[in-house]
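Engineer: The primary structure of each chain is shown beneath.
There are 2 protein chains.
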Amino acid sequence: MLERARTLDAGDPLAGYRERFDLPEGVIYLDGNSLGALPKATPKRLAEVARDEWGEGLIRSWNSADWIDLPHRVGAKIAPLIGAAAHEVIASDSTSVNLFKLIAAALALRPGRKTILSEPGNFPTDLYMIEGLERQGLAQRRLATRDAMADAIDEDVALLMLTHVHYKTGAIFDMAALTTAAHAKGALVLWDLSHSGGALPVDLNSCNADFAVGCGYKYLNGGPGAPAYLFVAEHLQQAVEQPLTGWMGHAAPFAFSDDYTAAPGIGRMLCGTPPILGLSALEVGVDLIAEIGIERLYAKSQRLSEFFRQCLSELGIELELVSPTDPTRRGSQLSFRHPEAYAICQALIARGVIGDFRDPDILRFGFAPAYLRFEDMAEAARHLSEVLVSGEWQRAKFRERAAVT
Amino acid sequence: MLERARTLDAGDPLAGYRERFDLPEGVIYLDGNSLGALPKATPKRLAEVARDEWGEGLIRSWNSADWIDLPHRVGAKIAPLIGAAAHEVIASDSTSVNLFKLIAAALALRPGRKTILSEPGNFPTDLYMIEGLERQGLAQRRLATRDAMADAIDEDVALLMLTHVHYKTGAIFDMAALTTAAHAKGALVLWDLSHSGGALPVDLNSCNADFAVGCGYKYLNGGPGAPAYLFVAEHLQQAVEQPLTGWMGHAAPFAFSDDYTAAPGIGRMLCGTPPILGLSALEVGVDLIAEIGIERLYAKSQRLSEFFRQCLSELGIELELVSPTDPTRRGSQLSFRHPEAYAICQALIARGVIGDFRDPDILRFGFAPAYLRFEDMAEAARHLSEVLVSGEWQRAKFRERAAVT
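Chains as they are written, first to last, in numbering that gives the first Met the number 0: chain A, 0 to 404; chain B, 0 to 404.
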């Protein structure tokens, strides 16, 4: 099995990119969908930004280092990964804050409609951000299960808001079909690409998507709490209004006028002063993913996860797969259900295999194709098998829950 | 003049702290109130966070490096600088986003009242964030000049929202008196401390302030676009609700529940995943300012600006001062009005004296006491005098306006 893995690695056109990441010794990292690994170029870039741009350039770097354009520049680099034009994407704030902007924008574009439709079990912050507007009396949250989603879209729905690749199961929504169904009822559509961007090709414009948001610190390797990004389709950019009307979204921020005039284009989605350190680190991660190429990443991601399943099967491990079995219908991850998922996850971490536990009973393995080897798949499968067979997860130290997992 | 300056520097108890900053050669930096200088310890800390915490620790660092607590930890360190208790301050998002949270929170706490009172010419983003809630139909902006402020507070006012030290003039509002006046009419009060925090002592709790926000990248030296901070008085923390209800403000974010339950205490003011690189850099800046001590900084700040004025006077330079002449009534800056302020500012920058131009006719000099010398005051005054006397600002290259200044 290990030999076969090494043969696959030898023939892997992306194998050399692993060297571009700084990965700890003795660790098999299957959690790049929670926090992506560190590109080797990032610390050097951060030192340059701190020493040269901030330290030496000081305030002048807003012009001379073009800090003022950084949200646009990083957005434009993300755009081709998600099927958008360069001027339709901007990097800013957090995914949660960007969700708020776009939910509010949809409500303003669809006066008389208050319903925001999503699914139960969507990533929590997506559901919570709808609640925020509900507290303001502006929105009404409606949740429908996947099967019932198309039927739940009616003329009350201002916005259909879904996560393209489910964080827990990896299941992919049919972006084109659901966007069409929502438009047929006059609703707008927002796709959360947090588990898609950088892992699989997304084609927002082919699907006629209206809005999207996504995360900078997962498959884009932007670092912990990296800035997020958002997309507004070109044809909506003149009409769109959002309530976080900070000075960086103003048409002329340095005129210091008392009254707000929205910037033309995607710039009006900005709010406060852009976080230069975070954006600079994110840019390195995005550049690297763009260099490798999203089609090649997706092809390898499918091969990795299928090989992992095959290894488990050869080791006689049967776990309930909650991800779709068809690799074209899931993101870059496999999730399994086990009543002792937490303890198993902890036992694996103790062996240097870092996966993820998701409450209450999900064991989640992410396969970031930019830096994982087939050898990692074989070794992770072996460790998982040994943990399960030995029952070592039953030891007290693995069962004790930490505050954060 | 220069000799006198050097004598003053020799007797300055804070003189040694200049060495803790990485300042460019040949520059006199009078814009630390726009972007603070780089602490020498910051690049090293950023490298540690990137290489050790992110690269080596990966997802585990949310626990092992206590990333999850970082917004609280940095907030607790800012608290004593602004007269707050440790659990009343949290570092997060941008100043603009934090303004939105707190304006909305005030509206929710004062049902039936919609007016948000501020002053014309307040820092633009403060006024714009009120407009955002106005667009949502939730707020009404009312602006009153300083003289008329106390009279403009009535029973319609949900929130009085002012910037403690004016960004343009440096004038200080009487925090205690205006807070008392607002409370007398049942209004809440929000103080923007962007030009106060780290420059002069603020005593939020003695003044019974309800809310405050502040900037991380000015006198706190957190770096370009550093995370901001916000304050909620303890007695309001159980009642306060804000609409940016992201997962990091949830009582149990890792339970992944579909429904939002606000965290107890200041944690409910968080929204998305905290920006670890930015917060880590900010922490270095805050630690340094706290080590120097806010009372000593303020004392030196007043001496610096008074010495600068004295130098100008001795050089026979008469400029219209728009800042208060009494140093106890202004922040750590001096602003002058001149019809050619822009060109003069550019000519000074060409000489290595970095001040700030503020539309339409303000020449602003900030005196960050942590790293400026009396010698810098004497030299800056000499350069300003030479620029004015020689008329070199009249050259075309200085008059051409860049996009950002």
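Hints are not guaranteed to be accurate.
Said to hold, decoys possible - Each computed DSS-like pair below joins lysine-lysine, with the alpha-carbon atoms no more than 30 Å apart:
no.	chain 1	residue 1	chain 2	residue 2
1	A	K43	B	K184
2	A	K76	B	K43
3	B	K184	A	K39
4	A	K39	B	K39
5	B	K184	B	K113
6	A	K76	A	K113
7	B	K113	A	K113
Stated by the list, open to error - Every beta carbon over 12 Å from chain A, so not counted as near; a handful from chain B, in silico:
no.	residue
8	S33
9	G224
10	H249
I should point out that these hints are in silico values taken from the structure, not numbers from a laboratory.
Built from N, CA and C at the ideal position, the CB exists for glycine as well.
Engineer: Decide, hint by hint, whether the structure agrees.
Structural biologist: Right, here's what the structure says about each hint:
1. Straight-line distance between C-alpha atoms of K43 (chain A) and K184 (chain B) comes to about 55 Å, which puts the hinted pair past the 30 Å bound.
2. At most 30 Å may separate the alpha-carbon atoms for a hinted pair to count; K76 (chain A) and K43 (chain B) meet this at roughly 29 Å.
3. For the suggested pair K184 (chain B) and K39 (chain A), the alpha carbons sit about 58 Å apart, so the restraint of at most 30 Å is broken.
4. Annotation: proposed proximity of K39 (chain A) to K39 (chain B) holds, straight-line Cα distance about 23 Å (limit 30 Å).
5. At roughly 14 Å between alpha-carbon atoms, K184 (chain B) and K113 (chain B) fall within 30 Å of each other, so this suggested pair holds.
6. With a C-alpha separation of about 34 Å, the suggested pairing of K76 (chain A) with K113 (chain A) is violated against the 30 Å cut-off.
7. Restraint check for K113 (chain B) and K113 (chain A): the C-alpha separation of about 22 Å stays at or below 30 Å, so the hint holds.
8. In this structure S33 (chain B) is not separated from chain A by more than 12 Å, as the shortest Cβ-Cβ distance comes to only about 5 Å.
9. Here G224 (chain B) does not stay apart from chain A, with its beta-carbon only about 4 Å from theirs, under the 12 Å limit.
10. The Cβ of H249 (chain B) does not lie farther than 12 Å from every Cβ of chain A; its closest approach is about 7 Å, which violates its non-interface assignment.
The structure fails to meet hints 1, 3, 6, 8, 9 and 10 from the earlier list, while all remaining hints are met.
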